[in-house]
Amino acid sequence: MNVLLDRWQFGVTIVYHFLFVPLTIGLGFLVAIMQVQAYRTRDETWDRLTRFFGTLFLINFAMGVVTGIVQEFQFGMNWSNYSVFVGNIFGAPLAFEGLLAFFLESTFIGVWIFGRNLLSPLVHTLSICLASLGSIVSAFFILTANAWMQHPVGYRTVGHGAGRKAVLTDFWAVLRNSTLWAEFSHTVLAAFVTGAMFILGVSAWQILRGRNAAAFTRAARLGAVVALICVVLVIVTGDLQARLMDTQQPMKMAAAEAVYKTQSGASFSLLTIGNLSGQPIFQIRIPHLLSLIATLSWNGRVTGVTGAQAAEVARYGPGSYVPVLWVTYWGFRIMVGLGFLILVMSAWALWRSRRGGKPFELGRWTLWVLVACIASPFLANTAGWIFTEMGRQPWIVYGLLKTVQAESPTVSVADVAFTLGGFALLYTVLGVTDVILMYLSARHGLGEDPHPPDGPGAPGEAPAQELIY
Amino acid sequence: MSGPVASLNTVWFALIGVLWTGYFVLEGFDFGVGMLSLAIGRDDTDRRMARSAIGPWWDGNEVWLIVAGGATFAAFPLWYASMFSGFYLPLFIILAALIIRGVSFEFRGKRDSARWKAGWDWALAVGSLVPAFAWGVAFTDLMRGLRLSPAGLYLGGLSGLVAPVAIVGGLASLTLFLAHGATFLSFKTSGPLAGRARATAMWMSPLAALLVVGTAAWLSAGGSHGPGYLPAAIPIALAAGCGLAFVIAAMLVWAHWEGAAFGLSALGIVAAVGAIFTTLFPRVMVSSGPGPSLTIWNAASADKTLIVMTVVAAIFVPVVLAYQGWSYWVFRQRLARPPGQPAYVPAPLRPHSAPGLHRGGRGARSG
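One line per chain: the protein sequences are A and U, in this order. According to my numbering, the first sequence is numbered sequentially starting from 914. According to my numbering, the second sequence is numbered sequentially starting from 1436.
Isolated chain A, as found in the complex (with noise of 0.2 Å):
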């Protein structure tokens, strides 16, 4: 009952708290792409875009921060048997977090926000980009940690039954985990996906406004061609990362195609009506690509749930090794599905932008497509996470600690029940707010005035700092 709660806590909150990480890494990416544009070029159409972006950024950045410190402190709260066995290894990457990526991100962001006007346009350009790099590095990080949960390396395990943990061997082995670069460059290039998704969202409904058309073009085009780009790469290194999971959990692999018998040549089924069991209903299949898929061949062998859960047993013991089979093939497909219709929309709109100078060309229909499109990057993120995290189930870290062994053992039911109910509160009043704030900034448009004084103080009197907040 307790592990049950503090999952349905942990899920919660993280999925809640990556709705605005890859929205903050993306954004920040393409803001700092747009003021150095506007820094290179003098132009102020880039100036005024940095600027309505950049609030968009700073309403999702605040979100992302603080629903960020909740996730570190649940380790300890929620799962102290977890940080006890894992802290060796899993705790480092968090500090370096911190010390190495927060620390840059949120100081520069504070001088961007409040430097406009006191630095040299080179200063406050690059604060905006070490901003960015911090978000990047963070991400980084953390997926350091994840992906040792994964694919645990560089380690052995010391001690028995409750004293049981992982001790580090070799820190370098961590760094270079194979899983991790291949989550990292998933992840981020992503995130950029989510970020330039949203600019060209918001950008094709300013156009549809009527509000300063040209300019809105520009960023749409900027949008489009980062997503297109940004999302053939995704699918690159979700293609590596599908080849990994492959040899590194052949059950989540397994899991996320809901394939029983081990097989060559495999089928990719694209959906299935009725259950997942082996006798649905109506199913669509693509022939072959499943194994291409696994093992890049034509006639690879694919392990399936049947035999991986027989090679769990004889590895592990008994007990059932299988995850939630709808959840780990719905959210594989949502997530590539959503990543295909994001290809063909980026390449869409731009293609039919392609006239070069004009506005951006699209029928009134493409614009509103465009603008229910933001959605589709939030919605793939969420599902390739909740697949990746729970199709790692019943492990919390794969192969070593089953996740009914990590809970806090000290934590009662109704302690968990109480903060479950008040996180769900707090973060869906927050979350309407959000909404809404950002609904009311993104309307405001560029504004009316395109010559903004210099900042406040007579000329020749040094710049002040100006009440923001």
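Just so you know, the hints here were simulated from the structure itself, not pulled from any lab data. Not one of these hints is a red herring.
These stretches of chain U come out as covered by chain A in the derived footprint (C-beta under 8 Å, 3 or more residues):
(1) 1483–1489
(2) 1517–1523
(3) 1544–1551
(4) 1586–1594
(5) 1757–1770
What the simulated footprint calls covered on chain U by chain A, stretch by stretch (three residues with Cβ under 8 Å from a Cβ of chain A suffice, anywhere in the stretch; the number is not a length):
(6) 1497–1505
(7) 1741–1753
For each residue, glycine too, the CB sits at the ideal point set by N, CA and C.
Dock chain U against the given chain A, drawing on the hints supplied.
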């Protein structure tokens, strides 16, 4: 279990002390300012001045907490596990407070409504007050002795955390941060707001001094669970030093040397955290039974982890200090009420249209 004092375990105990010191010195003043923005801010401009005084830094200040948490997890996993699971409900309350406080900075100015702004002013004040009090309770609890199981996990529940001495410790940290924040506001702003901050600092600082010394005396009088390795005189001297620093800071504020006063109140907090960590050493959580105390040896990671952490910290802590120090230098000017906003105007209905507040060059916030 014990081990050699000259070891990486001691280094990491000290480094975690440094991280908490950084957190309390820096976030300490922005907690104080957060509470005071409501308490002594008379109108919208005052409150915006108070917020903007800490605006460039509060987020970077909070990272000290995240790094302290991460470093504890990595260097002393059992300390992290026992403290965070043991202090479960208080930590939830602290997290909720930090959440509403953090978003209040971004959210407050996004709508022109007096009720909306008042709501976020309360969010900032309460979100600052709760952790400012709760951290004091938590650290007093770590020193005074808690019921720990043989495996080192805390057993006492919520009621075991709210002993009278811990409440006094919480009031000590609360007043410490209020005094520190008031001194900061008197130093960083000008005009009537700075004047009220001065007045607050002059009575709050001696009160904080009294409560810190009182907590230290109470703890040492009731220290029934065995002393640490260091002579009890050291933490007592440090607590007295903290008290002295705050008394002198109050006098310096009175003499209009606000900069020096802020330096002293910062030193006072350094001394207070020093008192906590010298009381504890070599323990990290003092046990009142049935299990043993958690120490820098039985709660620690193996040397391999500590070596990696030491190398990374040795390289990057100076880098972080350098650029954070630079950001403090960049925004070193005093904040003034914007021109056209003389003293004590009643809160305008639409503050954004007030002259001098909504200029084009408002950074990325022009939305």
